[in-house]
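**Student:** Spelled out from the first residue to the last, the chains are:
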Amino acid sequence: MGFHALIIGAGSTGAALAHDLTLRGYRVTVVERGEVASETTGRNHGLFHSGGRYAMRDPEAARECAEDNAIVRRIMPGLLELNGGLFVAFNEEDLSYKDRFLEACANCGVPAQEIDVQEALRMEPNLNPNILAAVKVNDGVFDPFHFALAFLATAKSNGAKVYTYTEVLDFTWEGRTVTGVHVRDRRSGKEYELGADFVINAAGPWAGRIAAMAGLHLSVVPTAGVMVAVARRWTRHVINRLNMPGDGDIIVPQRRASVIGTTSWRVEDPDFIPIPDHDFQLMLRRAQEMVPDFNQAPVRGVSAAARPLVKTGGVVAGNERWLSRGTYTFNHARDGVEGLFSIVGGKTTTARFMAEQMANFIGEAVGVDVPCRTKEVELLPYHAYYRLGGER
Amino acid sequence: MKRLKLRIARGTPEKGLTYRTYEVEVDEKANIIDAVHKVWAEQDQTILFRHACHHASCGLCGVRIDGRERLMCITPVADFADGAEITLEPLRNFPWVGDLVVDMTPLMQRMDAIHAAYVRRDELTPGEGEGMRFEDCIECGLCISACPIVGSDEFYQGPAPLAMMLRLLQEPRGRDLAAVCALAGDEHGAWRCHSAMECTEVCPSWVDPSGAIGMLRRYLLTKKVPH
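Residue numbers (our numbering), protein chains in the order written: chain U, -14 to 377; chain G, -5 to 221.
Be aware that one or more of the hints could be misleading.
[What the hints assert, rightly or not] Calculated pairs, DSSO-like style, for lysine-lysine (alpha carbon to alpha carbon, straight line, at most 27 Å):
no., chain 1, residue 1, chain 2, residue 2
1, G, Lys(-1), G, Lys9
2, G, Lys23, G, Lys(-1)
3, G, Lys9, U, Lys146
4, G, Lys23, G, Lys(-4)
5, U, Lys121, U, Lys83
6, G, Lys(-4), U, Lys175
To be clear, the hints were calculated from the coordinates, so they are not data collected in a lab. Here the structure is a predicted model, which is why all the values come from computation and not from measurement.
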């Protein structure tokens, strides 16, 4: 039997990592304070990125998205809505980015093809008829909860244990080495210990709090964004504004709804994020610029969740979208704590890739040289999560 | 701002059921999920509830609100008077885990057994060309909780699985339709329904299980696929 890895957090990162590590022969336990994907992952936009969103500002993220977009299509059959996306110029300023956008996509390996404006309007008759240009990309749509569940279902079929409603209270120690976690089962109130050879902190915006339990400082900036869903499916493609990433510039169709997002502001406490009315109104206004009738449909839901962005050097305060969307991996042995790793940042679309990087990183640290198999292994249907029983 | 008194069912099968009332103030535009989330964050982190997307796509936050099955995320607090007391209870007809959480396994296993599909043909978005979209059913369990037959026959397939069986007949997507028909046609299938129509009444996602069960029956008799 291989090393026992304990993962804190069952968002997309923890779920994909559980899958990757079980395939490499580790024994895996996942602990999660709430339900699977109930915070950051669960309230994301559901946009299965082509990479276009990041092409101009963050070429590395764009490349990762493009590569994993192609892989996840293969391993997650029947769980993605693959109608593609459009980057649309709605005014002259948007249009001025077109050549730069096409060039950036080409440089990042993001498939992108300009299409005739009339053709775009035939495909999407609810778009603002005054559009000036349209570029088609490989965007898609997923439901974040089911996305995470598919990874966990497959991990469970390979022996992983998943404990939901189980909150980490503290680490257990042997000297300066983490030997597991002290948890509370939130259903029974009982506290107990779970031992492990090492622990991975994948708690997203709460990763800083988990690290603090080990006396470590991890600079995670919980950054909230508002999304508004209306009860009508206005478009079939994901509609992106062709411009630098900004507020309210993406409409994602999901089921019979359309979701406009998002904004970006720093929050102190990711536990509860009140929704500023200003952001709500801004979303509806921005959506109307892209789909003029957007607000004719009733509002179906409004949400906000915190992204776990990592603060690196040279960040301009009050401009949180500039923080890297990249993934940061930490082996806290360098901070004097053995047996503890953290993974922070990233995007749900690239959760598989992030898990691969993290598992490689762990493998190097603990001396396990087993190659990644998540590019090839098809995931089980998410219903299998329940079929497999065991801890929940 | 709106003041509410949330009377929340607390406890577990071992500890028994009690109710505890929390006073909370939320924005006029908020939904019940925001009020519960705020109570959890600021007053009592022992409350168990499920939620994720907050726009009725993940199917996690189904509860009974003043006795009626609803998703907390699309129940506006504007539906209630200022100062109103609102009772929140877990769904019926599922194993109770604790507080507002039930175990969805019975429903998920039924969906699994028929190889429920997730992505369907998109018939409702205007524009040229074929497209795909997610199925309407979000497996929230509201229909299972509201159905009087599920409450009296634990082997009854229930509204959501029967509605999915109809969807598979309409759009097979490689599924074994003989197996689907066998389940739909047996004594715990479509014929067990008494047309109380509570399922369609509470469905938050345009599925109309009651109508689907009617169409399933017609199919079982005529073998003509209804659309």
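**Student:** Each hint: holds or not?
**Tutor:** For each hint, the structure was consulted:
A threshold of 27 Å between alpha carbons decides the hint, and for G/Lys(-1) with G/Lys9 the separation of about 24 Å falls inside it, so the pair holds. Using a Cα cut-off of 27 Å, the hinted pair G/Lys23 and G/Lys(-1) holds, with the two alpha carbons roughly 17 Å apart. Annotation: proposed proximity of G/Lys9 to U/Lys146 holds, straight-line Cα distance about 26 Å (limit 27 Å). Using a Cα cut-off of 27 Å, the hinted pair G/Lys23 and G/Lys(-4) holds, with the two alpha carbons roughly 9 Å apart.
Pair hint U/Lys121 plus U/Lys83 holds up; C-alpha atoms about 12 Å apart against a cutoff of 27 Å. The suggested pairing of G/Lys(-4) with U/Lys175 is violated, with an alpha-carbon distance near 36 Å, which exceeds 27 Å.
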